[in-house]
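Asker: Here is how the chains run, residue by residue.
2 protein chains.
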Amino acid sequence: MGGDHGISVTIPACIAFLKQTPDAELVLVGMQDQIVDQLKRLRAENHPRISIKNATEVVTMEDPLEIALRKKRDSSMRVAIEQVKSGEAQACVSAGNTGALMAISRYLLRTLPGVDRPAICAILPNQKGGPTYALDLGANVDCEAEHLHQFAIMGSLLFSAVEDVPNPRVGLLNVGTEEIKGNEVVKEAGELLKTEARKGSLNYLGNVEGNDLFEGTCDVVVCDGFVGNVTLKSVEGLGRFFRNVLVSELKSSPLNMLGALLARKALKSIRERLNPSRFNGASLLGLKGLVFKSHGSADAFAFEWAIRRAYDAVNSNVMLRISTMMAEFLQKSENGNDADGTAAQSEIQEQKSA
Amino acid sequence: MGGDHGISVTIPACIAFLKQTPDAELVLVGMQDQIVDQLKRLRAENHPRISIKNATEVVTMEDPLEIALRKKRDSSMRVAIEQVKSGEAQACVSAGNTGALMAISRYLLRTLPGVDRPAICAILPNQKGGPTYALDLGANVDCEAEHLHQFAIMGSLLFSAVEDVPNPRVGLLNVGTEEIKGNEVVKEAGELLKTEARKGSLNYLGNVEGNDLFEGTCDVVVCDGFVGNVTLKSVEGLGRFFRNVLVSELKSSPLNMLGALLARKALKSIRERLNPSRFNGASLLGLKGLVFKSHGSADAFAFEWAIRRAYDAVNSNVMLRISTMMAEFLQKSENGNDADGTAAQSEIQEQKSA
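Chains as they are written, first to last, in my numbering: chain X, -14 to 339; chain E, -14 to 339.
Take the hints with a grain of salt, since some may be wrong.
The list cannot tell twin chains apart, which means a pair is met if one copy fits it or any two copies do.
Claimed, not checked - Okay, derived cross-link-like pairs now, BS3-like style, lysine-lysine, Cα gap no bigger than 25 Å in a straight line:
| hint | residue 1 | residue 2 |
| --- | --- | --- |
| 1 | Lys70 | Lys57 |
| 2 | Lys113 | Lys236 |
| 3 | Lys166 | Lys56 |
| 4 | Lys38 | Lys57 |
| 5 | Lys38 | Lys56 |
| 6 | Lys57 | Lys166 |
| 7 | Lys184 | Lys25 |
| 8 | Lys38 | Lys166 |
These aren't lab readings, by the way, just hints derived from the structure by calculation.
Work the whole structure out from these sequences, hints included.
Answerer: In structure tokens:
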């Protein structure tokens, strides 16, 4: 029911997704009457792989968390996440209110052991043709160093599980690459990440800068939710600016239009490579369940990508892999701490004997 | 002497600038021998509007502030800023170490009354064809609300003075437009700016988001130096990515190349509208003197723009206008505070009598 356009976008996206994905099934959660009407309009009311789960309320973009979480107990958002909790669905996709989605997910699904705060992790395209994972993109606007530390671990595990790459390269977003750069929180986080690197539990590259988001210099970029959100919206804004300039200039004269017609394959390829729709669908990471957030302004094509991201995560068994890896990581780091503790104790012993 | 390319870029830029600007004079500050050699190479050793001021040292990009400020007392950077202080030059332009430039400028020139910390203010192009001023872009990575408050005032005064627009629209960069959004510092800054708006001393629009940087929805965008620096470098990175994709796709086949040839006017216009060189030259704002920072990676064309920005600021009497406006602003806000103080006192009196 969510997003700027509601079911007029989400349901066509579902039908397109199912056409491309013969082994997937979708549960549409929301106001049953409206959903049925929309399905009829699209001649899909008897789709064999669509079922409907009724919900009598909708969380709006303006609802405060309090309302979304405590009052609207039969919202489509909440019922959808309950499907994940009960195991009836393997993942939830929503284009609705991000804060509410995070709060309800956290309340119902709980966080994984070792995670204080879930984070929003999105995927950006980079110049080397690969993906760059970036987190947190807005769930946590006030972060301490320990939170950035946890985001780094989670991001690394997610990249490793989804992209099937061992030891992803993790960078800490900062105002310069030198260690002395940055505010106090980031400097402290850098120390924590260096410790992980020394233990061999993280492939930490050190500080990275804004441009590294697009250069493919690292696989995972870690920042607090304030910086991440502002940066994401800035680059989206610049992307729209580019597209508008491109279109308006190429339509500005018959000769330019002819040129654009001849070069249409190149222009199509440019549009595709830079199309933000292909990168729609951010993970709510650190929960005991898969929840994906689509951009509120997504069109059907973009929303289909968010569903596909959820499907791929289910298919590559991301949830089990991340919880296993996270448990191993905690185990290792406890052992690491024990080892440190033992070392420190023997040092004290030695000093005492001396 | 500064920047990635030193005098092989800055001196050609100076000569090109002087050719375009018959009433300007330039003082080249740095290692005299090297400067003379470079001028000879460009057949400009007797240029009537170029003089040389010798300096025996150079601040490198790696020099810690301590070294730049206390040890290298005869650096080109320091000597150049001394020219501004003594009045021999009306503005200083440097492509060197940003931190050092800010520290030396602040030490030698001092800040304007009412300014705790100078800020770096850059100009971004927006979709409406106008400029958007953004500050701070990296001078202050740990900011309190009061600093953001001062940046808003300074940015508004600068925009007003340079663009000759009364009451520029000022926005506070945040993760959402609603007042409840953001981290603690930003929320508190929002309150301070609302108070200014109520007093009529600032045309404050409220919170803006990353995309507003490019949409022309406001004239001045205020943020802390951490967020500003990361955002600026991110959008620069995306800009390079975009240009690389454009070039590589349009060269990918003879037909695409022919199309690009026909549409070359449009492509030239796209390049010009999106060329970051045109926006090179950030102001170090809040000082008792004009100092401009060019991007370290600037080519001669971009460095020429930074010199032009300094020239325009001198020509439109920005320094005098800003100090006058800042003094008036302080006067007004003291009166405002007095009024508040009186109001508060009479309230206390009333309570006592009651």
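Asker: Tell me, which hint numbers fail for this structure?
Answerer: Of the numbered hints given earlier, those the structure breaks are 7, 8, listed in rising order.
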